[in-house]
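Asks: Chains R and X are the protein sequences, given in the same order.
Heads up: the first sequence begins at 1 in the working numbering, then just goes up one per residue.
Heads up: the second sequence begins at 1001 in the working numbering, then just goes up one per residue.
Misleading hints may appear alongside valid ones.
Unchecked claim - Cβ-to-Cβ under 10 Å is the rule here; a few derived chain R residues that face chain X:
#	residue
1	I106
2	L372
3	E373
4	L376
5	T415
6	Q418
7	A420
8	W425
9	A428
What the hints assert, rightly or not - Only pairs whose alpha carbons sit at most 27 Å apart, straight line, appear in this in silico DSSO-like list of lysine-lysine:
#	chain 1	residue 1	chain 2	residue 2
10	X	K1051	R	K377
11	R	K391	X	K1089
12	X	K1125	X	K1206
13	X	K1169	R	K315
14	R	K402	X	K1125
15	X	K1089	R	K402
16	R	K377	X	K1160
17	R	K283	R	K315
18	R	K377	X	K1124
19	X	K1089	X	K1051
20	X	K1150	R	K402
21	R	K377	X	K1150
22	R	K377	X	K1089
Calculated from the structure, these hints are not laboratory results.
We put the CB at the ideal spot given by N, CA and C, even for glycine.
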Amino acid sequence: MKDRLWLVLRLVDLPLWIFPPHEQAVCVLEKRRVIAANPAAIEAGVHKGMDATTAQLLSNCIIYERDTLQEQNYLNQCAEHLYAFTPYIHINRSAFTPDSGLILEISRCLKLFGGLESLCARLLSTLTDLPIAYGLAHTEEAAWLLSYDNYSIAEGDDRALFIHRLNHIPIERLFDWPDAQESLKRMGFLTLGDISHQIERQSISAIKKRLGRDFADFIGRLFGIANNLQQTALFDKPRQIYQPKEFFFDTMQFDYPITHIDQLHAPIEQMLQQLGEYLRKRKLSCQKITWRFFDIHHNSHAINVHCAAPQTTWKLLYDLTHIQLENQQLSFAVDAIELTCQQLQSSQEKNNQLNFSGRRNKNHGGDDLALLEAKLKARLGEQAIFKISYKDSHIPEQAWDKRSAFEPTEQQLPTAYQHAPHPTWLFATPFPAKIQQQQLSWRGQLQLLTGPERIENQWWATPTARDYYMAIREDGLRVWVYEDLLEEKWFVQGVFAG
Amino acid sequence: MTSTKAKPDKSVTLEQVLRRGDVWRGQSQRFVPHAALDTGYQELNKRLLNKGWPLASLLEIGQLGASSNNGLATQAEWLLFAPAIRQLKEGYTVLLNPPALPFAPGLIQAGIDLDRLLIVDAKKKTDFLASFTELARAEVCTALMAWQPKQNLNYTELRKCQLACADGKGLYLLFRPLSAQQQSSPAALRLRANLSADFLEIHIFKQKGSLNQVEKSPAQLPLPRSWLPTAPHAHLYRTTHEADITSAKKIIDLKRNLL
Chain R
1 MKDRLWLVLR
11 LVDLPLWIFP
21 PHEQAVCVLE
31 KRRVIAANPA
41 AIEAGVHKGM
51 DATTAQLLSN
61 CIIYERDTLQ
71 EQNYLNQCAE
81 HLYAFTPYIH
91 INRSAFTPDS
101 GLILEISRCL
111 KLFGGLESLC
121 ARLLSTLTDL
131 PIAYGLAHTE
141 EAAWLLSYDN
151 YSIAEGDDRA
161 LFIHRLNHIP
171 IERLFDWPDA
181 QESLKRMGFL
191 TLGDISHQIE
201 RQSISAIKKR
211 LGRDFADFIG
221 RLFGIANNLQ
231 QTALFDKPRQ
241 IYQPKEFFFD
251 TMQFDYPITH
261 IDQLHAPIEQ
271 MLQQLGEYLR
281 KRKLSCQKIT
291 WRFFDIHHNS
301 HAINVHCAAP
311 QTTWKLLYDL
321 THIQLENQQL
331 SFAVDAIELT
341 CQQLQSSQEK
351 NNQLNFSGRR
361 NKNHGGDDLA
371 LLEAKLKARL
381 GEQAIFKISY
391 KDSHIPEQAW
401 DKRSAFEPTE
411 QQLPTAYQHA
421 PHPTWLFATP
431 FPAKIQQQQL
441 SWRGQLQLLT
451 GPERIENQWW
461 ATPTARDYYM
471 AIREDGLRVW
481 VYEDLLEEKW
491 FVQGVFAG
Chain X
1001 MTSTKAKPDK
1011 SVTLEQVLRR
1021 GDVWRGQSQR
1031 FVPHAALDTG
1041 YQELNKRLLN
1051 KGWPLASLLE
1061 IGQLGASSNN
1071 GLATQAEWLL
1081 FAPAIRQLKE
1091 GYTVLLNPPA
1101 LPFAPGLIQA
1111 GIDLDRLLIV
1121 DAKKKTDFLA
1131 SFTELARAEV
1141 CTALMAWQPK
1151 QNLNYTELRK
1161 CQLACADGKG
1171 LYLLFRPLSA
1181 QQQSSPAALR
1191 LRANLSADFL
1201 EIHIFKQKGS
1211 LNQVEKSPAQ
1221 LPLPRSWLPT
1231 APHAHLYRTT
1241 HEADITSAKK
1251 IIDLKRNLL
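Here chain R stands alone, though its shape is the one from the complex (with noise of 0.2 Å):
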């Protein structure tokens, strides 16, 4: 079996990376504690670890709070460059420092690429833009610790020269074990090489006694030994191999100018065939398509179509764009049409809950809800259909919330309301009501038949305390009516329908 040799291409300052460049001092503060400083800060003498306010006071400097997000995302575009040279790529994050990286096992493409010096150079080549780490070693965790070194990468590095090169790692580096790191300068280890030595004595298992089974495992991992340094592991944990992002991609392109939107049908029709060919053979799904389409001086207009369940077949995607183009004008006459699905996920990995409580399956007519949901919508706009749902809150006004027609709602009522009448029919700004002549009126005069449900709350940000009453108009109309204790006014803000 040949020896396995493991990249890490560590991004240096990568918090600070991701966000734009500037002159003037910048921080990027994590736990209000700074984890990457520009030059200009540094300068003005910010370290690493050094809290908000006192980096703010020495240097004046622009503070970002860390975007672990894009941080992630720009890994992901490196990642992908990358995929062109070795097919094991993963991504590393710390847990305990911002330090992130990309660790690539690179022994299978040396020939491929004429050596590992000239590999080695094409791959930072590729990733020129940003300060990058590197180390080279036979294990990964070897390689990570080691780029913190940068020892120049030459083409004879062999296990014995990474072993040599470890053991003159402090202790303190091991970031990720900050319990064992402890222990161990307790004891008196003050490098790697300590740890080795300890082994060769006594053998991996006076570290498990001491410190865990699983440090015990990581200096396994790290120095690529089973239970002294002699013998070597038997089995090499397995290479992640790197899966680039799936998307579908089609075009067409068109013999003549298409003018009517009844001509694109067909077309459309087709390319959605292949969408779900495509889907099926490789038993993905997907909710989102979005069609582009183009003249010959490519202007271009955009249609997003989106289920709102993960769809494997092509019959409501095509039925929603077909409810899209009807509302629509083509302003130009279209010569080529695209049609992108970016996030395409496993059909598989959809979780279906088991029905045990035998009612009805909530996503009957899930199909024909979809389509009468983006009839209307396209004709009404986007928030003229919704649900309502129940929020617990006091303030009737906040007690209800707005959900989208796929949504569960929640409708569970606590005991506290259960017991009086509320009314079915709320106005979102309640009517102020008159009182002539000690008699309380609205359109008519009312008269209140049960309550009072005192509500108070929110003595933390505005104070409520309502007394709430139904009143019974002169026409009969049940009208949910309340003093503003502190106001000391009354207002109408429902009514009983049922």
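With the hints as your guide, set chain X onto chain R.
Replies: Relative to the frame of chain R, chain X by itself:
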């Protein structure tokens, strides 16, 4: 060509017309839809053909209030229709153009499943008609409660609604102001709801397949107990009032004795 086409039309006109399901034929119930949904009120079931709200047809409910300047048309519609809607175990109940915001706690108390309740806002008349016909024809919509927009619907527009309802299978309700009662309408059932202090009164003034033009007495549906004046308040008022009278009488008697 045109004359030859016109001739056979003329000869079968009456027969063709009579064969159509949507022609009203007095008391003949041959073409009256038989599917009905229990109203949940015995009193009301008795007065309706097929003992319930007719399905797949337009029901028109006249309500007090919309015509007046307050613009709020509501007259215990949930009280009247919630028992029927609760029986529908599938599909969605859609509120088209509701007069105010549906209040979640109140609807939960009325037994309405919020998961199957959709609200659609269509304020313009054209949008309203398009949405109504679309919803009535959609199989997922098993109950539709629609409130007429500010502009009144004319006969043709109502007929479009009725035709869409006939294509569906659900319960289709159209709430209109009381003033629309004078206008003719193709709805299969027309009624007027009137809320009083003690009852919800329902006048059925037009029903397909029945010639009883005007009922002598309206159906009186009971109101929930919480809607009625509660005894403690009434009692309190009566006792204090009576106590005042008795004490006044006593004083008069005393004065008389003194005199």
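Asks: Evaluate each hint against the coordinates.
Replies: Comparing the hints with the structure gives:
{"no.": "1", "hint": "I106", "verdict": "violated (54 Å)"}
{"no.": "2", "hint": "L372", "verdict": "holds (5 Å)"}
{"no.": "3", "hint": "E373", "verdict": "holds (8 Å)"}
{"no.": "4", "hint": "L376", "verdict": "holds (6 Å)"}
{"no.": "5", "hint": "T415", "verdict": "violated (12 Å)"}
{"no.": "6", "hint": "Q418", "verdict": "holds (7 Å)"}
{"no.": "7", "hint": "A420", "verdict": "holds (9 Å)"}
{"no.": "8", "hint": "W425", "verdict": "holds (4 Å)"}
{"no.": "9", "hint": "A428", "verdict": "holds (6 Å)"}
{"no.": "10", "hint": "X:K1051 with R:K377", "verdict": "violated (37 Å)"}
{"no.": "11", "hint": "R:K391 with X:K1089", "verdict": "holds (24 Å)"}
{"no.": "12", "hint": "X:K1125 with X:K1206", "verdict": "holds (25 Å)"}
{"no.": "13", "hint": "X:K1169 with R:K315", "verdict": "holds (25 Å)"}
{"no.": "14", "hint": "R:K402 with X:K1125", "verdict": "holds (24 Å)"}
{"no.": "15", "hint": "X:K1089 with R:K402", "verdict": "holds (23 Å)"}
{"no.": "16", "hint": "R:K377 with X:K1160", "verdict": "holds (21 Å)"}
{"no.": "17", "hint": "R:K283 with R:K315", "verdict": "holds (17 Å)"}
{"no.": "18", "hint": "R:K377 with X:K1124", "verdict": "holds (15 Å)"}
{"no.": "19", "hint": "X:K1089 with X:K1051", "verdict": "holds (20 Å)"}
{"no.": "20", "hint": "X:K1150 with R:K402", "verdict": "holds (25 Å)"}
{"no.": "21", "hint": "R:K377 with X:K1150", "verdict": "holds (21 Å)"}
{"no.": "22", "hint": "R:K377 with X:K1089", "verdict": "holds (26 Å)"}
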